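All chains, full assembly: derive it from the sequences and hints.
For the record, the sequence lines run as chains P and Z.
For the first sequence, my numbering assigns the number 1 to the initial residue and increments by one for each residue that follows.
For the second sequence, my numbering assigns the number 1001 to the initial residue and increments by one for each residue that follows.
A few of these clues could be false.
To be verified - Computed list of lysine to aspartate or glutamate pairs in DMTMM-like fashion (alpha-carbon distance at most 20 Å, straight line):
(1) Z:Lys1020 - P:Asp373
(2) P:Lys25 - P:Glu315
(3) P:Lys2 - Z:Asp1310
(4) P:Lys20 - P:Glu351
(5) Z:Lys1025 - P:Asp373
(6) P:Lys385 - Z:Asp1373
(7) P:Lys385 - P:Glu37
(8) Z:Lys1020 - P:Glu337
(9) P:Lys110 - P:Glu215
What the hints assert, rightly or not - Here are some chain Z residues pointing at chain P (derived, C-beta under 10 Å):
(10) Asp1048
(11) Lys1294
(12) Arg1353
(13) His1355
Said to hold, decoys possible - Computed from the model, here is a short list of chain P residues facing chain Z with C-beta under 7 Å:
(14) Ile369
(15) Val371
(16) Ser387
(17) Arg389
(18) Asp394
(19) Glu411
Worth flagging that the hints you see were computed from the coordinates, not collected in a lab.
Since this is a predicted model, take the numbers as computed values, not measurements.
By construction, the Cβ of each residue, glycine as well, lies at the ideal position given by its N, Cα and C atoms.
2 protein chains.
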Amino acid sequence: MKRHKILLVIGDGLGDRPVKELGNKTPLQVANTENIEGLRNSMIGLMDPVGPGVRPGSDTSHLAILGLDPYVYYNGRGIFEALGAGAILNKGDVAFRGNFATVDEDMVIKDRRAGRNLSEAEELVRELNEIGEIMGVKVKFYRGTEHRVAVVLSGEELGEHVSDTDPHEEGLKVRQSTSMSQDVKDSRTAKVVNELTKKVHEILRESELNRRRQERGLPPANIVLLRGASSYKSFPSLSSRTGLNGACVTATAVIRGICRALGLETSTPPGATGGINTDYLSKGREAARLLKEKDFVLMHIKATDAASHDGLAKEKVRALEGIDRAMGQVLNQVGEEMVIGLTGDHTTPVELREHAGDPVPLLIYTPEIIVSDQFSHFDEIQARKGSLRIRGLDLMNLLLNYSNRGQLFGE
Amino acid sequence: MKRHKILLVIGDGLGDRPVKELGNKTPLQVANTENIEGLRNSMIGLMDPVGPGVRPGSDTSHLAILGLDPYVYYNGRGIFEALGAGAILNKGDVAFRGNFATVDEDMVIKDRRAGRNLSEAEELVRELNEIGEIMGVKVKFYRGTEHRVAVVLSGEELGEHVSDTDPHEEGLKVRQSTSMSQDVKDSRTAKVVNELTKKVHEILRESELNRRRQERGLPPANIVLLRGASSYKSFPSLSSRTGLNGACVTATAVIRGICRALGLETSTPPGATGGINTDYLSKGREAARLLKEKDFVLMHIKATDAASHDGLAKEKVRALEGIDRAMGQVLNQVGEEMVIGLTGDHTTPVELREHAGDPVPLLIYTPEIIVSDQFSHFDEIQARKGSLRIRGLDLMNLLLNYSNRGQLFGE
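Okay, structure coming up:
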């Protein structure tokens, strides 16, 4: 009985609803996905990533898909962003997601992203890392993509139940972080966050880099807005739960962070951007390379979600065709002797421009002889006729079963 | 509103995948099952006995099917084997499954089953029961089928987290049992097991019965290998949970044990063997007889699983046809005024020869007028088009509902 390798392809925000611009078809319906259709020996169906009707973030859904109940294991995105940005976390560290932003002299937010393309981010992070410590708590900044940073507080007695300093809207003042519990750990942490925010503003306001930005008519990156505090505790690794050693190909920090938290190797190959301009074939080549070393490779493609959030139906179709080409690349290099899962982490209907709680189409291909579902095209409509109707938490068990790697429960 | 009786037919390892030898059809597809097809007023569909993709043992899946979550209630097979072999267990008793086996003078295993057909088992068990007590712990042996025994330890302060003495492979030495926790109960129990194993070897080595076996060129049954320690605590009975008084027709010790643990009467009629040579009509007659006395009868047939583990596709087809005849026998004797469930406890694909985590086909017949699923033959392919898509834990509720026995939840 051969143990197969497993490729799991996640198109971020993959699923959709009928779109007017596409003649009331879904992007998957109109996409030309010949490599996927070539996988005839497949089951198809629908998956509720977290639960029926639940609108998941990419973080909670990826946890579920990788076998950890997000209602048990998810406590905010900060730690995953920090891990994704390269942080090494220890138990009790509290991490935040952050944005470089622009405030006026009254701390009112003028631009939540400081103009978005912040070429000085690297140097600004270096300047901020000279802070080193606030109230006896170690502070470390990590650069994310564009205007994004992650901030990690390390020390004794830190809490994660503190509010964001980011008011999530321009024209409002930077918020004071407050404790959301009776725990002294949280009130102390909120104080650290507020002191840190003050200090960050002092440094950035005086930064030579910002002076030069303003000379060029660019908004100064003179504050860091924090959100999503979460405290790190270690996660049960994928290998300890399933015996799989795994890797993940992604260009998205939070997915990289989740995969690292679960002990997967992560890789962002050249040309992978996390946007609609990503290099699909490069991702496919990297997934194929990793499948030689690993039992399990997660290939995450963000372009579908990016197109959806911008309401670009035709771009989403192109992104889906890109996913198909990436899969074709893997199949060319590796052959068909593996189990393949293809699904989304949630739907992001292009007309809605937001994550929805609709079920996502799911395909499981296996080289074993199985009862396959008859389908001519992989889309939301045909998926409804398939035999699979599962939750995200069930997916790993199915992949293990069809790759002959499932553990017997009982005797 | 008439309360119907319920017959639940479990074909062990019933489900399958397309089999080359059968022209890429499943055993159910090619089986002639006219009695089942006669049950037109049925719903069909798929059931995940424990969960999608989860590969269940017969023990965990039967617990689920009988309404107890195995993730809560399952703690090893030993107690069920012991109950199935006739043991009366008290809270805290620790039970093991065991094999009579053959070791050489270095305790290296030569035959894990001491030649398999052990005609002296009854007398050997009697000799071993003279041990009576080890380190203040009562020891009792129970004879199983062929080379199998169950061993029960009774006393204060016993633990179940102890390792097997059975290395599960020939050519290896008998293992020392060790504690798998920090609890002194477990280390004490491991010691008892090791002392017992020594004592068992001393007695069996000197047994006149083994001397005679060797004279006839047969391997001596000179050790008992132990595995699957589990501690007994009482289970919520089927009748307390559902109001059903029930019985089970089976020739398989572990199923008998599970049913006894849940308060069902158990019966093994003449000719029922647990193998492919079982007497199907005898089972049907016994189920029909019990349906006169009881609300609920589980008819378990092992032959399908036995054929699957041996990779015998045509034997599996014959076993399925046997199940159909057994059901025909019940219908002839009882009539059609009952609810019938027909499913498997898991799939055992004949080409795989092992339990798989695939969903199993399920049929629910009811004499009530319901929306029935259109089907012409009960098999894995048509089951996919049916309306049922449930977990094992849901099955009893469905049977109760369609027999007009469900309790109202709320008002």
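Practice item. Verify the proposed pairing of Lys2 (chain P) with Asp1310 (chain Z), using a straight-line Cα cut of 20 Å. Key: holds, 18 Å
Review point. Given Ile369 (chain P) as an interface hint, is the shortest Cβ-Cβ distance to chain Z below 7 Å?
Key: Holds - the Cβ of Ile369 (chain P) comes within 7 Å of chain Z, reaching about 5 Å at its closest.
Point to revise | Closest C-beta approach of Asp1048 (chain Z) to chain P relative to 10 Å, hint status | key: Cβ of Asp1048 (chain Z) sits 8 Å from chain P, so the hint holds.
Review point. Do the alpha carbons of Lys110 (chain P) and Glu215 (chain P) lie within 20 Å of each other, as the hint requires?
Key: This hinted pair holds, its Cα atoms lying about 17 Å apart.
Review point. Within 20 Å, alpha carbon to alpha carbon, are Lys20 (chain P) and Glu351 (chain P)?
Key: Cα-Cα ~9 Å, so holds.
**Study point:** Interface hint outcome for Arg389 (chain P) [beta carbon to chain Z under 7 Å]
**Key:** holds, 5 Å
Check your understanding: Should the interface hint for Asp394 (chain P) be scored as holding, given a Cβ-Cβ cut-off of 7 Å against chain Z?
Key -> holds, 4 Å
Review point. Given the proposed pairing of Lys1020 (chain Z) with Glu337 (chain P), does the C-alpha separation stay at or below 20 Å?
Key: Status holds; Cα separation ~19 Å.
**Study point:** Given pair status - Asp373 (chain P), Lys1025 (chain Z), alpha carbons within 20 Å
**Key:** holds, 14 Å
**Study point:** Interface hint status, Arg1353 (chain Z) versus chain P (Cβ within 10 Å)
**Key:** holds, 8 Å
Check your understanding: Taking the least C-beta to C-beta distance, is Lys1294 (chain Z) closer than 10 Å to chain P?
Key -> violated, 26 Å
Practice item. Take a quick look at whether Lys1020 (chain Z) and Asp373 (chain P) sit within 20 Å of each other, Cα to Cα. Key: Given that 20 Å is the threshold and the Cα spacing comes to 18 Å, the pair holds.
Comparing the model with each earlier hint shows a violation of hint 11 alone; every other hint is respected.
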